[in-house]
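Going down the list, the sequences are from chains A and B.
Per the numbering used here: the first sequence = residues 1 to 181.
Per the numbering used here: the second sequence = residues 1 to 200.
In short, the hints are calculated from the structure, not lab data.
There could be a bad hint or two in this list.
Claimed, not checked - Pair ranges (Cβ atoms, derived):
1) A/Ile148 - B/Leu58: 38 to 44 Å
2) A/Ile140 - B/Asp36: 15 to 21 Å
3) A/Thr104 - B/Arg57: 53 to 59 Å
4) A/Ala149 - B/Ala34: 27 to 33 Å
5) A/Asn170 - B/Gly15: 52 to 58 Å
6) B/Gly163 - A/Pro130: 41 to 47 Å
7) B/Val49 - A/Gly72: 18 to 24 Å
Stated by the list, open to error - Negatives, chain A to chain B, calculated, CB over 12 Å:
8) Ile88
9) Gly107
10) Ala122
11) Ala126
12) Ile140
13) Arg179
C-beta atoms are modelled at their ideal positions from N, C-alpha and C, and glycine is treated no differently.
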Amino acid sequence: MERNLAYISLFAALIAVLGLVPKIDLAAGVPITAQSLGIMLCGTVLGARRGALAVLLFLALVAVGLPLLAGGRGGLGVFAGPSAGYLIGFPVAAFASGWIMERTSMGTGIAAFCAAVIGGIAVLYAFGIPGMAIVLDKTIVEAAHIAIAFLPGDAVKCVLTGIVTAAIANMRPGTLLSRGA
Amino acid sequence: MMLTLTSPVETRFHGLPVGVKLAGLCAFTLWLFAVDDLGWLAASLAAVVACYATGGRLFAANGARMLWPLWPFVVIVGVWHGVTDAPWQGVAIILRMITAVAAANLVTMTTRLADMIAVIEWLARPLGRIGLPPRRLALAIALVIRFVPVLAQNAARITEAWGARSARRARWRVLPALMLSAIDDADRVAEALRARGGVG
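Extracted from the complex, chain A is given alone in its bound form:
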């Protein structure tokens, strides 16, 4: 129990740090924040339930007014803005990534990459695009055009999720909770 609580809390903090530290610019010239990378890693490392709880904890702290979102944003305003759909999709994305990770028998790196693509792109966009459509009063198709701008960055993050998850599996095999450790 103590271990679950500590992992969920520390991963919630990790999502925040990945958004706060712009110095980790992931790839040259691509203006992406690592925050959604943190969401994907929560799922692939902690598994479905714990991953989603870590993300919910992070969002609760954003909602109460801590500036933990990328660019120092936070508070209730972000849940009324154009990115609200993505925020609501965050815990579902982590859950989906973890769910896939728990059920596939593929190698850790490949499995984490696939889980990140499905959870962090397919599921997340399924929430983010309608959210943008509502706030910006656009059709789903029009909103999807805007979302495409984020696709290259998110693809890079999926690859990184695979690499980092595999590295953790190698170095601390006991901590990959998504794989029944």
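With chain A fixed as given, assemble chain B onto it according to the hints.
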């Protein structure tokens, strides 16, 4: 870095009960997304601006700064409706977006962190029945607030260490090391909690 977004400038809204502010915000936001009339939208933005103005210059400037991240969306909507032939519709969308976010930010800026956390704990009460006691949630919140600066420091140290040994920039290569530092910290925290009698 871990400053909250609550404004240190005391306004008349600081004294209102948090429940009243949140209920008002919900009703206001629902109403905003229901109206399409440009006049009403402009009036509601004016009302929100007036609320900010009662807090004084510094307070209003902070509020304006919190709206800055919306500019890409203002540009997208502006260009979109400028080239299609519905500019007024674009104005309505931008007005609604800015008003909704500004109103929500107003609640955040005028409510103390402890009061907001109390709301979260109240909302999480039903979870007690399915095995998540509020005490555990409070501990988790405290751990996150404590560990954000610790992990940020770790990230900076790892990046520096990389910079000392390589002419190239670290980029994503700090990530596995940062994750490991977080995992090892989590293991130590879990041990410390158990040694102090566990989380119950």
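Each hint tested on the structure:
no. : hint                            : in the structure
1   : A/Ile148 - B/Leu58: 38 to 44 Å  : 40 Å, holds
2   : A/Ile140 - B/Asp36: 15 to 21 Å  : 19 Å, holds
3   : A/Thr104 - B/Arg57: 53 to 59 Å  : 57 Å, holds
4   : A/Ala149 - B/Ala34: 27 to 33 Å  : 30 Å, holds
5   : A/Asn170 - B/Gly15: 52 to 58 Å  : 55 Å, holds
6   : B/Gly163 - A/Pro130: 41 to 47 Å : 42 Å, holds
7   : B/Val49 - A/Gly72: 18 to 24 Å   : 23 Å, holds
8   : Ile88                           : 15 Å, holds
9   : Gly107                          : 17 Å, holds
10  : Ala122                          : 23 Å, holds
11  : Ala126                          : 20 Å, holds
12  : Ile140                          : 15 Å, holds
13  : Arg179                          : 14 Å, holds
Every hint, counting from the list given before, is met by this structure.
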